[in-house]
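2 protein chains.
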Amino acid sequence: MTDKARTAKGSSDPNRAPVFGELRSLLGDRMRTDEGIREAHAGDASYHKPRLPDAVVFPACNDEVSKIVKLCARYRTPVVPFGTGTAVEGGIVAVQGGVCIDLSRMNRILRVGMADLDATVEAGVTRKQLNRHLAEAGTGLYFPVDPGADASLGGMTATRASGSAAVGYGTMRENVLGLTVILADGSIVHAGGRARKSSAGYDLAHLFVGCEGTLGVITEVTLKLARVPEAVSAAVCAFPDISSAVNAVIELMSTGIEMTRIELLDEVQMGAINAYSGFDYKVAPTLFFEFHGSESSVAERVAAAGPVTDRHGGEDFRKATGQKERDRLWQARYDAYYASQTMRPGSVGFVTDVCVPVSRLADCILKTKEELKTSTLIAPLFGHVGDGNFHVVFLIDPNRPEELAEARKFGERIVEFALEMGGTCTGEHGIGLGKLAALEQEHGEGVRVMQAIKKALDPLNIMNPGKVVKV
Amino acid sequence: MTDKARTAKGSSDPNRAPVFGELRSLLGDRMRTDEGIREAHAGDASYHKPRLPDAVVFPACNDEVSKIVKLCARYRTPVVPFGTGTAVEGGIVAVQGGVCIDLSRMNRILRVGMADLDATVEAGVTRKQLNRHLAEAGTGLYFPVDPGADASLGGMTATRASGSAAVGYGTMRENVLGLTVILADGSIVHAGGRARKSSAGYDLAHLFVGCEGTLGVITEVTLKLARVPEAVSAAVCAFPDISSAVNAVIELMSTGIEMTRIELLDEVQMGAINAYSGFDYKVAPTLFFEFHGSESSVAERVAAAGPVTDRHGGEDFRKATGQKERDRLWQARYDAYYASQTMRPGSVGFVTDVCVPVSRLADCILKTKEELKTSTLIAPLFGHVGDGNFHVVFLIDPNRPEELAEARKFGERIVEFALEMGGTCTGEHGIGLGKLAALEQEHGEGVRVMQAIKKALDPLNIMNPGKVVKV
Numbered sequence: 001m002t003d004k005a006r007t008a009k010g011s012s013d014p015n016r017a018p019v020f021g022e023l024r025s026l027l028g029d030r031m032r033t034d035e036g037i038r039e040a041h042a043g044d045a046s047y048h049k050p051r052l053p054d055a056v057v058f059p060a061c062n063d064e065v066s067k068i069v070k071l072c073a074r075y076r077t078p079v080v081p082f083g084t085g086t087a088v089e090g091g092i093v094a095v096q097g098g099v100c101i102d103l104s105r106m107n108r109i110l111r112v113g114m115a116d117l118d119a120t121v122e123a124g125v126t127r128k129q130l131n132r133h134l135a136e137a138g139t140g141l142y143f144p145v146d147p148g149a150d151a152s153l154g155g156m157t158a159t160r161a162s163g164s165a166a167v168g169y170g171t172m173r174e175n176v177l178g179l180t181v182i183l184a185d186g187s188i189v190h191a192g193g194r195a196r197k198s199s200a201g202y203d204l205a206h207l208f209v210g211c212e213g214t215l216g217v218i219t220e221v222t223l224k225l226a227r228v229p230e231a232v233s234a235a236v237c238a239f240p241d242i243s244s245a246v247n248a249v250i251e252l253m254s255t256g257i258e259m260t261r262i263e264l265l266d267e268v269q270m271g272a273i274n275a276y277s278g279f280d281y282k283v284a285p286t287l288f289f290e291f292h293g294s295e296s297s298v299a300e301r302v303a304a305a306g307p308v309t310d311r312h313g314g315e316d317f318r319k320a321t322g323q324k325e326r327d328r329l330w331q332a333r334y335d336a337y338y339a340s341q342t343m344r345p346g347s348v349g350f351v352t353d354v355c356v357p358v359s360r361l362a363d364c365i366l367k368t369k370e371e372l373k374t375s376t377l378i379a380p381l382f383g384h385v386g387d388g389n390f391h392v393v394f395l396i397d398p399n400r401p402e403e404l405a406e407a408r409k410f411g412e413r414i415v416e417f418a419l420e421m422g423g424t425c426t427g428e429h430g431i432g433l434g435k436l437a438a439l440e441q442e443h444g445e446g447v448r449v450m451q452a453i454k455k456a457l458d459p460l461n462i463m464n465p466g467k468v469v470k471v
Numbered sequence: 001m002t003d004k005a006r007t008a009k010g011s012s013d014p015n016r017a018p019v020f021g022e023l024r025s026l027l028g029d030r031m032r033t034d035e036g037i038r039e040a041h042a043g044d045a046s047y048h049k050p051r052l053p054d055a056v057v058f059p060a061c062n063d064e065v066s067k068i069v070k071l072c073a074r075y076r077t078p079v080v081p082f083g084t085g086t087a088v089e090g091g092i093v094a095v096q097g098g099v100c101i102d103l104s105r106m107n108r109i110l111r112v113g114m115a116d117l118d119a120t121v122e123a124g125v126t127r128k129q130l131n132r133h134l135a136e137a138g139t140g141l142y143f144p145v146d147p148g149a150d151a152s153l154g155g156m157t158a159t160r161a162s163g164s165a166a167v168g169y170g171t172m173r174e175n176v177l178g179l180t181v182i183l184a185d186g187s188i189v190h191a192g193g194r195a196r197k198s199s200a201g202y203d204l205a206h207l208f209v210g211c212e213g214t215l216g217v218i219t220e221v222t223l224k225l226a227r228v229p230e231a232v233s234a235a236v237c238a239f240p241d242i243s244s245a246v247n248a249v250i251e252l253m254s255t256g257i258e259m260t261r262i263e264l265l266d267e268v269q270m271g272a273i274n275a276y277s278g279f280d281y282k283v284a285p286t287l288f289f290e291f292h293g294s295e296s297s298v299a300e301r302v303a304a305a306g307p308v309t310d311r312h313g314g315e316d317f318r319k320a321t322g323q324k325e326r327d328r329l330w331q332a333r334y335d336a337y338y339a340s341q342t343m344r345p346g347s348v349g350f351v352t353d354v355c356v357p358v359s360r361l362a363d364c365i366l367k368t369k370e371e372l373k374t375s376t377l378i379a380p381l382f383g384h385v386g387d388g389n390f391h392v393v394f395l396i397d398p399n400r401p402e403e404l405a406e407a408r409k410f411g412e413r414i415v416e417f418a419l420e421m422g423g424t425c426t427g428e429h430g431i432g433l434g435k436l437a438a439l440e441q442e443h444g445e446g447v448r449v450m451q452a453i454k455k456a457l458d459p460l461n462i463m464n465p466g467k468v469v470k471v
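Protein sequence lines, in the order shown, are assigned to chains A and B. Position 339 of the first sequence, counting from 1, maps to 339 under our numbering, and the rest follow consecutively. Position 235 of the second sequence, counting from 1, maps to 235 under our numbering, and the rest follow consecutively.
Possibly wrong hints are sitting among the right ones.
To be verified - As a list, the in silico DMTMM-like pairs of lysine to aspartate or glutamate whose alpha-carbon atoms are at most 25 Å apart:
#1 Lys369(B) x Asp241(B)
#2 Lys470(A) x Glu325(B)
#3 Lys67(A) x Glu445(B)
#4 Lys67(B) x Glu445(A)
#5 Lys70(A) x Glu445(B)
#6 Lys373(A) x Asp363(A)
#7 Lys369(A) x Glu300(A)
#8 Lys282(A) x Asp335(A)
#9 Lys282(B) x Glu230(B)
#10 Lys455(B) x Glu440(A)
These aren't lab readings, by the way, just hints derived from the structure by calculation.
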């Protein structure tokens with residue numbers, strides 16, 4: 001928090017005293033302007049410069065969120081929804097100050113539908129909280145979207161999060177059935193629903209999934225659940241070079257061997273996780289796999305995957321079927337981002353994330369690795385390659401602006417490569433503050449449509465202003 | 001066409017002569033105002049009263065569609081996109097006259113991505129055309145969304161179509177990766193893309209999927225493809241009563257036996273298809289199943305399904321593994337709507353469609369069947385019950401308005417039942433002209449949001465006016 005405090009100190013904007021008075025009347029001590037709380041809501045898990053909101057509020061229900069937003073609208077005060085602050089494109093940075101709505105007290109699991117495999121939760125429920133609840137209640141169900149961090153389900157919805165299991169279960173896009181959102185005028189809208197399909201009017205639920213708080217505050221989400229698989233098997237396999245590893249992925253995906261996770265870590269990243277997590281993996285481009293299903297179908301698929309990795313020079317296909325061994329393996333993968341940062345003590349990670357059609361994944365990664373050779377920065381590469389999605393983390397010294405500039409330049413080049421190959425400027429990190437220009441490059445005329453929708457639903461531009469689309 | 005001609009005759013609106021002159025300059029003989037062509041574009045496959053458009057145009061590319069829409073905007077002329085006219089909520093009826101854009105000449109398959117399992121097609125390509133192409137090219141791939149009719153893929157996208165295979169493969173919502181749409185100002189927008197996931201800004205692609213032409217004309221679609229399964233097995237199973245059949249569905253869905261299709265036909269409908277297709281099925285509530293997968297996984301699942309249907313009194317679990325036998329079986333299911341109409345010669349079908357969480361399916365269907373007992377109309381019930389989606393067809397005499405009124409009243413009651421049970425007023429037929437009030441009942445405040453979006457993107461209200469949301 002020290003870094004954040006350094007760059008974003010200051011008192012709350014005194015011009016905002018009237019709205020704060022009203023918020024305090026509404027919320028009592030769940031309306032906070034003390035610097036410690038504001039600091040804790042100033043920045044996310046990324047390099048983006050923190051900025052303190054003027055106040056942080058902790059509503060407990062839809063009605064309170066509605067009243068907060070109405071007050072903010074009346075006083076033209078920016079509203080920034082906050083889940084756990086674990087995203088990486090600056091989406092929750094209060095660039096224009098205003099009121100941060102921390103949804104952590106809206107943390108009730110409202111219902112679980114055993115026969116329907118669905119659940120409705122308040123936005124502040126984290127994915128681990130939901131999964132603990134489902135396990136303790138012996139439902140045999142779980143929520144499979146897994147971005148690594150124990151993010152809130154509202155935040156995951158707002159950022160269209162995905163993560164390592166998306167190749168098997170889809171992203172938040174595929175797993176949100178409905179949601180409740182508080183619009184810029186304080187109206188409470190229920191979008192989507194519990195039916196598995198509907199052709200009733202515009203698909204508002206999917207408009208709000210991924211809007212990053214710029215169209216409204218998501219307060220409740222109805223999610224699809226999955227059955228805990230009968231059998232799970234994991235495996236790790238090292239390759240002589242990155243091209244072999246990625247070509248194995250392309251072949252595995254196109255031959256249709258169902259996988260729940262298929263992750264690539266390059267040799268730089270493998271060195272980092274060995275050091276960070278005490279593993280002894282070969283320092284080489286490596287694929288991590290996970291297979292879910294019945295005992296027989298998992299065995300069938302593991303058996304089918306082996307020869308494919310062999311053909312591409314994969315060595316040492318290490319299986320991990322025990323829960324403990326698997327947990328350790330995946331923890332290493334989740335720690336990749338943190339592990340990478342220990343390669344350069346004191347550094348912060350400038351992370352970028354693109355996604356391309358799987359057929360172009362080798363081209364895009366090889367071009368990126370080639371480009372990285374010209375950088376002076378350490379920059380591990382890893383990703384959810386089954387979806388064509390990968391990340392590069394540039395380890396930069398936060399006190400050297402030239403390093404940030406260099407990372408930005410490389411980030412822009414990687415986005416260019418992805419767009420040339422029919423891909424997208426971000427697979428799962430979102431636009432936030434960091435990719436406004438990239439969104440323009442990717443969607444051009446589409447950004448005009450996004451702006452028109454933003455203006456129609458938030459005419460005062462109070463909802464997380466400055467993010468996703470500039471208006 | 002005689003019925004249509006009867007109810008919707010007349011010359012083109014003479015006030016529209018200037019726009020027609022310009023359209024003729026642009027398109028030559030691909031701009032038509034003769035009555036035969038206009039009649040062929042006046043109505044869909046439903047009871048909704050046809051209305052002739054003033055002109056029908058046949059563009060060949062995005063640029064032409066853009067120019068047509070720009071001309072229509074300049075002359076405040078309604079634009080009605082037309083695929084194959086096989087939908088059932090009056091979505092293509094030119095209620096305010098104007099220009100019908102028939103997309104059938106935009107019928108090129110633009111690309112097939114073998115490794116990426118995707119294809120980009122023009123809007124006029126029909127699903128059977130795409131599947132023939134994929135089969136003839138030996139790709140081993142196919143497009144699985146199957147609404148029965150050989151609809152155009154643009155029309156299926158615009159109506160968020162689904163059909164019998166949605167329980168296995170999802171609806172158009174899950175199978176459209178990207179699209180090109182011509183907006184009300186003629187701008188050409190590419191939404192979504194080819195990457196399997198993206199968090200780049202608002203999910204415009206999913207806003208246009210299901211907009212029924214009211215936000216723009218969809219001209220190209222990028223679709224996910226599926227692998228032709230190694231093995232397919234189908235089965236038919238009769239039940240002593242509808243409640244047993246539906247409870248079998250609920251148990252099958254909640255125990256997670258993967259199925260590609262699971263269809264219910266009630267005893268009224270079974271009688272109709274026996275008569276129509278020459279089958280000798282028992283005249284009882286019946287489930288039709290289909291399983292896709294590897295030989296072993298299909299066998300495993302068929303074996304698991306049998307005991308569940310047995311437990312619910314299912315009898316005579318008839319397997320059909322041969323392609324020909326399966327085709328005949330599914331043809332009977334597809335013919336359900338047409339078969340039902342032969343039960344009362346000269347009748348037209350007033351069809352309604354709701355979808356509820358699967359756990360409430362028995363409640364909703366039983367309540368509906370109970371209600372139907374009080375109707376004098378013949379009204380078979382069938383549906384895609386794995387998704388919780390079912391249809392009722394009221395066979396009405398088109399010359400007796402009291403029958404239409406009765407069907408409407410029952411239709412409204414069924415929607416009420418579905419909404420009470422957490423369902424939606426339409427699972428797959430859309431809003432069109434027929435369910436504007438039901439959409440209001442279901443989404444209330446959400447309809448205000450839809451209207452705001454409609455006004456923002458189509459300020460002159462020229463895009464398929466009068467459908468989905470009134471502005």
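Here is how each hint holds up against the structure:
1. Lys369(B) x Asp241(B): holds (11 Å)
2. Lys470(A) x Glu325(B): At roughly 58 Å apart (the allowed maximum being 25 Å), Glu325(B) and Lys470(A) break the hint.
3. Lys67(A) x Glu445(B): holds (17 Å)
4. Lys67(B) x Glu445(A): holds (17 Å)
5. Lys70(A) x Glu445(B): At roughly 16 Å apart (the allowed maximum being 25 Å), Glu445(B) and Lys70(A) satisfy the hint.
6. Lys373(A) x Asp363(A): holds (16 Å)
7. Lys369(A) x Glu300(A): violated (34 Å)
8. Lys282(A) x Asp335(A): It holds: about 17 Å lies between the C-alpha atoms, which stays within 25 Å.
9. Lys282(B) x Glu230(B): violated (31 Å)
10. Lys455(B) x Glu440(A): It holds: about 23 Å lies between the C-alpha atoms, which stays within 25 Å.
Checked against the numbered hints listed earlier, the structure breaks hints 2, 7 and 9; every other hint is satisfied.
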